[in-house]
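*Asks:* Each chain is listed here by its residues.
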Amino acid sequence: MIPDLVTKMPELVPELGHIALIIALAFSICLSVIPLVGVYCSEQSTLKRLIGYAKPLTFGMFIFTSISLVILAYSFVIDDFSIKYIASHSNTHLPYYFKVSAVWGGHEGSLLLWVFALTAWTAAVASFSNGIEEEFIARVLAVMGMIAIGFIAFTLLTSNPFERLWPNVPMEGRDLNPLLQDVGLIIHPPLLYLGYVGFAVAFAFAVAALMAGKMDAAWARWSRPWTVGAWMFLTLGIALGSWWAYYELGWGGWWFWDPVENASFMPWLIGTALIHSLAVTEKRGTFRNWTILLAIFAFGLSLLGTFLVRSGVITSVHSFAADPSRGIFILMLLAIAMGGSLTLYAFRANTVASFSRFAFYSRETALLLCNVILVVATVTVLLGTLYPLLVDAMGYGKISVGPPYFNAVFVPIMSILFIIMGIGPLIRWKKAKQGELRKKLIKPSVLSIAFGLLFPVIYGGEFNALVSMGMILAMWVFLVVIKEMVNQYKLTSKITISHLGMTIAHAGIAITIVGVTLVSVYESETNIKMALNEKVIISGYEIEFSGIKYVEGPNYSAEQGQINVYKDGDFVALLKPERRAYRVQTMGMTEAGIDPGLFRDVYVALGDPLPDGAWAVRVHYKPFVRWIWLGAIFMCLGGIFSMLDKRYRSKKTSKVSSAAVADSQENTGSNLTTHPAKVSEA
Amino acid sequence: MDKLIRFLPLILVVALGVVLYRGLSLNPQDMPSALVGKAMPSFSLASLNDSKKTVTQADLIGDIVLVNVWATWCPTCKYEHPYLVDIAKDPQVKLYGLNYKDERDAAQKWLRFYEDPYVFSIFDEEGTLGLDLGVYGAPETFVIDHHGIIRKRFAGAIDTKVWQREFEPLIAQLTKEKKQGK
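From first to last, the protein sequence lines are chains A and B. Those letters in the first sequence? Residues 1 to 682, by our numbering. Those letters in the second sequence? Residues 683 to 864, by our numbering.
Calculated directly from the structure, the hints in this document are not laboratory data. As the structure is a computational prediction, the values presented were derived from the model and not from experiment. No residue lacks a Cβ here, since even glycine has one placed at the ideal position from N, Cα and C. Be aware that a few hints might be false.
In silico SDA-like links for lysine to any residue, alpha-carbon gap of 20 Å or less [unchecked claim]:
no. : chain 1 : residue 1 : chain 2 : residue 2
1   : B       : 760       : A       : 325
2   : B       : 791       : A       : 165
3   : B       : 685       : A       : 84
4   : B       : 776       : B       : 723
5   : A       : 443       : A       : 413
6   : B       : 734       : A       : 557
7   : B       : 735       : A       : 165
8   : B       : 791       : A       : 166
9   : A       : 84        : B       : 790
10  : A       : 646       : A       : 493
Restraint ranges, calculated between C-beta atoms of paired labels, are given here [what the hints assert, rightly or not]:
no. : chain 1 : residue 1 : chain 2 : residue 2 : range
11  : A       : 332       : B       : 687       : 26 to 32 Å
12  : A       : 131       : B       : 687       : 30 to 36 Å
13  : A       : 26        : B       : 801       : 38 to 44 Å
14  : B       : 773       : A       : 387       : 39 to 45 Å
15  : A       : 465       : B       : 720       : 29 to 35 Å
16  : A       : 416       : B       : 704       : 31 to 37 Å
17  : B       : 690       : A       : 172       : 42 to 48 Å
18  : A       : 172       : B       : 772       : 37 to 43 Å
19  : A       : 12        : B       : 724       : 43 to 49 Å
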């Protein structure tokens, strides 16, 4: 019947998408009520069966949201400009892959993608939760359903992507913002949303645990792989965004402390703290309240990010059309989610002090310190982002906070974090012997200090304190995890896959530190006027301007510079930076020409044409800039490895409810330094 | 006591929520801008009334200029509008509009309906010029002298009182400077 309808009345197709979304809303409402009725019924009641409805309802919600998203994408591909959202974000000349990515090129569609990501995570939780108690997973799914109600209602009520333009259907769309017509932008938002929304899973697990009153090791083990998954997507999403800004905005910068970047960075920082805190809760049974709070706040900050981007309270390069009514809606969602969960926390949090004690010199202390520092870092970013708003709200006029504030505050905080991060993996759980720790730390610290002090002299020709500090920290973080893995191997002659994951992720941090340090100190940049066949030299590279070509793209025309790069007289690359004029949006865009390399990028952007055929050209030399993103890839690899650990896949494991059991598990070797002495301790 | 501490996160979040809520409805007045004393940022955007016509910063230089940031989604702009129509009659200044993050059709309708006070309006759909100017919201008004230097930034609605207090002295001073050929 429906295919028939589509061929006869194609103009009805978008309405089907709209209806599908409404049906998904109905499913989410059922999902958030029906299973909970079952949970709270007595064992004898027939209503107990309602628990079993959680999974089918979840799949229903997911399927109908998917239908809605697919129909929107389909309408983009067939250029249905009767839909207002498509008319303002697409164009017949747009290549098909950008038509698809234009689905999330504006507020309404990206919100639909958000909802899709949420229901996809929910469906994933429903599919891969065989080892978890049915009653518990019913609560988790119900909480996810409640979040879905909020966001589907938000989409339908304030930002419906299927709104029509009857009867004045335009012949041509206004085209996608040229900045967004780029491969990086096809994948950046979905990854970021999968990360943001993934923390909804951690949140739902935390709220379910509070509702059930059991915040034990089993709970932590169940939610760990999901949290790591969300964190991985967020890591990749942020790295991709940074990479995109680097090559697309034409400024050669890779991080701007823009409010929206901060909005994604804050949940990342808290998420990082959360993964580690979950590890402690699972293995040692401590930090339970702390873990719950981190899970709540990781999601809260994701929501806050959504609020900041879409309400227009803060202006940034990412801002969607400002609309205070949307702002109020998200603020209400934020208030309900945070207010509800924190009230629940206030009444249900563990009243019994954790029974697993630890001494000051222990891995628990190191992890706690790291977590506190991560929280402090998040608060400084939050303050910097909201400061203009705060000052305003108190009536003191307006002050803007820029990168100087963030760099001045953030760099020292992170440096302390990296020092402790080095100690963490080497120190023992519960109680370490002081002398032993000192002995373990001497070699890596001497090595990394020597390396750090020598590096700037050898690489840059003169001493530089900043470079030394960065390289010492990077080497320190790296050496310690490697040493720890070697120790472990010597002791037990095997390495668990999650241990390997931890090592790789920490090494990724070290790689990123190297990239950030070296590119910040050693990069160079010149703005010059270049006549035809003129040459300039920057950081040992000879740049030659050999003319301009005129190029026609599908929906733009461009002037393409032909720039040859030589090193020591040898040809290295032909770079083709462009200045594009997009026909529909009458907007100019620069495309940088980049010769990438593991140890350096040569980056050329075209400026304005000058009289006598000369052009303004900006040339950047960016040493080690790729390492910033390479590190992020390592962090993700680490995440994948730790998720592959066997203990997350075991079906129908017996209830593990006390830390004591977790302790015995730990001694069979997971990502810890097991030590013969420990067995007797436990 | 121990129990009370558990309410602390909730209290903190509520406080933050209040700030955010005020942020939504706030109309930050007279903001010192980093751009005061600097040249008008360069731009190349379409004119609101004629999408084929491109306007740049060069079109604004030469007279004492007011650039008014407005949009149809901004209720305060509607309040301010009749005063702008008044100001436009003053021969000493030229009033330009910066149509900020808006839709062209709606904006054109607005101008037809309420009378167009602007010499022309710059159509800044993506808010790029707004970003360069550090625009915080709408309405905002910038005063630019005959050399193209930004001399004042005012956030919020202009009415007779505000005009007399905030703008008239500056306009008089700029007119004097211009006559003296400074």
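*Asks:* Indicate, hint by hint, whether the structure satisfies it.
*Replies:* Going through the hints against the structure:
1. Restraint check for residue 760 of chain B and residue 325 of chain A: satisfied, since their Cα atoms lie roughly 18 Å apart, inside the 20 Å limit.
2. Our distance criterion of 20 Å between C-alpha atoms is met by residue 791 of chain B and residue 165 of chain A, whose separation comes to about 17 Å.
3. The hinted pair formed by residue 685 of chain B and residue 84 of chain A fails the criterion: a straight-line CA distance of about 52 Å is larger than 20 Å.
4. The straight-line distance between the Cα atoms of residue 776 of chain B and residue 723 of chain B is roughly 18 Å, inside the 20 Å bound, and the hint therefore holds.
5. For the suggested pair residue 443 of chain A and residue 413 of chain A, the alpha carbons sit about 25 Å apart, so the restraint of at most 20 Å is broken.
6. Distance hint between residue 734 of chain B and residue 557 of chain A is fulfilled; the C-alpha atoms sit about 17 Å from each other, no more than 20 Å.
7. For the hint pairing residue 735 of chain B with residue 165 of chain A, the CA-to-CA distance comes to about 26 Å; that exceeds 20 Å, so the pair is violated.
8. Restraint check for residue 791 of chain B and residue 166 of chain A: satisfied, since their Cα atoms lie roughly 18 Å apart, inside the 20 Å limit.
9. At most 20 Å may separate the alpha-carbon atoms for a hinted pair to count; residue 84 of chain A and residue 790 of chain B meet this at roughly 18 Å.
10. For the hint pairing residue 646 of chain A with residue 493 of chain A, the CA-to-CA distance comes to about 18 Å; that is within 20 Å, so the pair holds.
11. The hint said 26 to 32 Å for the Cβ distance between residue 332 of chain A and residue 687 of chain B, and at roughly 27 Å that hint holds.
12. The supplied range of 30 to 36 Å is met by residue 131 of chain A and residue 687 of chain B, whose beta-carbon atoms lie about 35 Å from each other.
13. The hint said 38 to 44 Å for the Cβ distance between residue 26 of chain A and residue 801 of chain B, and at roughly 53 Å that hint is violated.
14. Between residue 773 of chain B and residue 387 of chain A the beta carbon distance is about 42 Å. The supplied range of 39 to 45 Å therefore holds.
15. At about 34 Å, the CB distance of residue 465 of chain A to residue 720 of chain B agrees with the hint of 29 to 35 Å.
16. Distance hint check: the CB atoms of residue 416 of chain A and residue 704 of chain B are about 34 Å apart, consistent with the given range 31 to 37 Å.
17. Between residue 690 of chain B and residue 172 of chain A the C-beta distance comes to about 56 Å, which lies outside the given range of 42 to 48 Å.
18. Separation of residue 172 of chain A from residue 772 of chain B is about 41 Å and conforms to the stated range, judged on CB atoms against 37 to 43 Å.
19. A beta carbon spacing of about 48 Å between residue 12 of chain A and residue 724 of chain B agrees with the range 43 to 49 Å that was offered as a hint.
Violated hints, in rising order: 3, 5, 7, 13 and 17; the structure is consistent with all others.
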